[in-house]
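Once you know that position 111 of the sequence shown is 110 in numbering that gives the first Met the number 0, the rest is easy, because the numbers rise by one and skip nothing.
No wet-lab data here; the hints were simulated from the structure.
For each residue, glycine too, the CB sits at the ideal point set by N, CA and C.
The reader is advised that the hints may include incorrect statements.
What the hints assert, rightly or not - Keeping only pairs whose Cα atoms sit at most 30 angstroms apart, straight-line, the calculated DSBU-like set for lysine-lysine is:
no.	residue 1	residue 2
1	Lys120	Lys92
2	Lys92	Lys113
3	Lys100	Lys86
4	Lys99	Lys113
5	Lys113	Lys100
6	Lys100	Lys122
7	Lys86	Lys120
8	Lys86	Lys113
9	Lys99	Lys122
10	Lys99	Lys86
As the list claims (entries may be wrong) - Label-pair distances were calculated between CB atoms; the ranges are:
no.	residue 1	residue 2	range
11	Asp66	Asp133	16 to 26 angstroms
12	Asp133	Gly67	19 to 29 angstroms
13	Gln87	Leu4	37 to 47 angstroms
14	Met82	Ile112	18 to 28 angstroms
15	Asn7	Pro29	35 to 45 angstroms
16	Met0	Gln87	38 to 48 angstroms
17	Tyr118	Phe2	25 to 35 angstroms
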Amino acid sequence: MFFDLWENLVNQHNIEPDCIFAADETGFMPGRACKSKVIGKSKKKTQHRKESGNRSIISVMPTICADGTSIPSLVIFSGAAYMMSWKQDNPLKASIGYQKKGYMDGELGIDWIKHFYHYVKDKLDGRDCGLLLDCHRSHA
Numbered sequence: 000m001f002f003d004l005w006e007n008l009v010n011q012h013n014i015e016p017d018c019i020f021a022a023d024e025t026g027f028m029p030g031r032a033c034k035s036k037v038i039g040k041s042k043k044k045t046q047h048r049k050e051s052g053n054r055s056i057i058s059v060m061p062t063i064c065a066d067g068t069s070i071p072s073l074v075i076f077s078g079a080a081y082m083m084s085w086k087q088d089n090p091l092k093a094s095i096g097y098q099k100k101g102y103m104d105g106e107l108g109i110d111w112i113k114h115f116y117h118y119v120k121d122k123l124d125g126r127d128c129g130l131l132l133d134c135h136r137s138h139a
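Produce the entire structure from the sequences given, and follow the hints as far as they go.
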């Protein structure tokens, strides 16, 4: 059903592949992606390891186009205020945001739409586009 609706939408609005985009928010916990080893007694069923008390989340909203190009991502840090260090060493020129828990919210969703339009408006040159997002309320 989705693909029938999508095909009708693309045909009705004459949306070219260079005007079709997809974005999805994903998150990670810094320092949790690395492999680790735990040393303990071999016959013990459960081993435990100590971890940092840092449970902060960083979310990223990458956006790709059907023609293989992309726009700079939005990176959302956990925090109550903007930190200048977040902008340092930013070779991909990602937009930086913050939110108490590190997730997209309604306000950041609006900022992201503005960010998206800023990067695609010249490419669209007045043409309609398709933007695929999941159904999360902060993206709508």
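Verification of the hints:
As the CA atoms of Lys120 and Lys92 are separated by approximately 18 angstroms, the hinted pair is consistent with the 30 angstroms bound. For the hint linking Lys92 to Lys113, the alpha-carbon distance of about 16 angstroms falls within 30 angstroms, and the restraint holds. The hinted pair formed by Lys100 and Lys86 meets the criterion: a straight-line CA distance of about 19 angstroms does not exceed 30 angstroms. Straight-line distance between C-alpha atoms of Lys99 and Lys113 comes to about 21 angstroms, which keeps the hinted pair within the 30 angstroms bound.
For the hint pairing Lys113 with Lys100, the CA-to-CA distance comes to about 22 angstroms; that is within 30 angstroms, so the pair holds. For the proposed pair Lys100 and Lys122, the alpha carbon gap of about 34 angstroms is over 30 angstroms, so the pair is violated. Restraint check for Lys86 and Lys120: satisfied, since their Cα atoms lie roughly 24 angstroms apart, inside the 30 angstroms limit. Using a Cα cut-off of 30 angstroms, the hinted pair Lys86 and Lys113 holds, with the two alpha carbons roughly 19 angstroms apart.
A distance of roughly 34 angstroms separates the Cα atoms of Lys99 and Lys122; the hinted pair therefore is violated under the 30 angstroms criterion. For the hint pairing Lys99 with Lys86, the CA-to-CA distance comes to about 18 angstroms; that is within 30 angstroms, so the pair holds. Hint check: Asp66 to Asp133, Cβ distance near 22 angstroms, so the stated range 16 to 26 angstroms holds. For the pair Asp133 and Gly67, the beta carbons lie near 21 angstroms from each other, so the given range of 19 to 29 angstroms is met.
For Gln87 paired with Leu4, a C-beta distance near 44 angstroms keeps the hint of 37 to 47 angstroms intact. Between Met82 and Ile112 the Cβ separation comes to about 24 angstroms, which falls inside the hinted range of 18 to 28 angstroms. The hinted window of 35 to 45 angstroms between Asn7 and Pro29 holds, with their beta carbons roughly 43 angstroms apart. About 47 angstroms separates the C-beta atoms of Met0 and Gln87, a value consistent with the hinted range of 38 to 48 angstroms.
Taken as a hint, the range 25 to 35 angstroms holds for the pair Tyr118 and Phe2, whose Cβ atoms sit roughly 27 angstroms apart.
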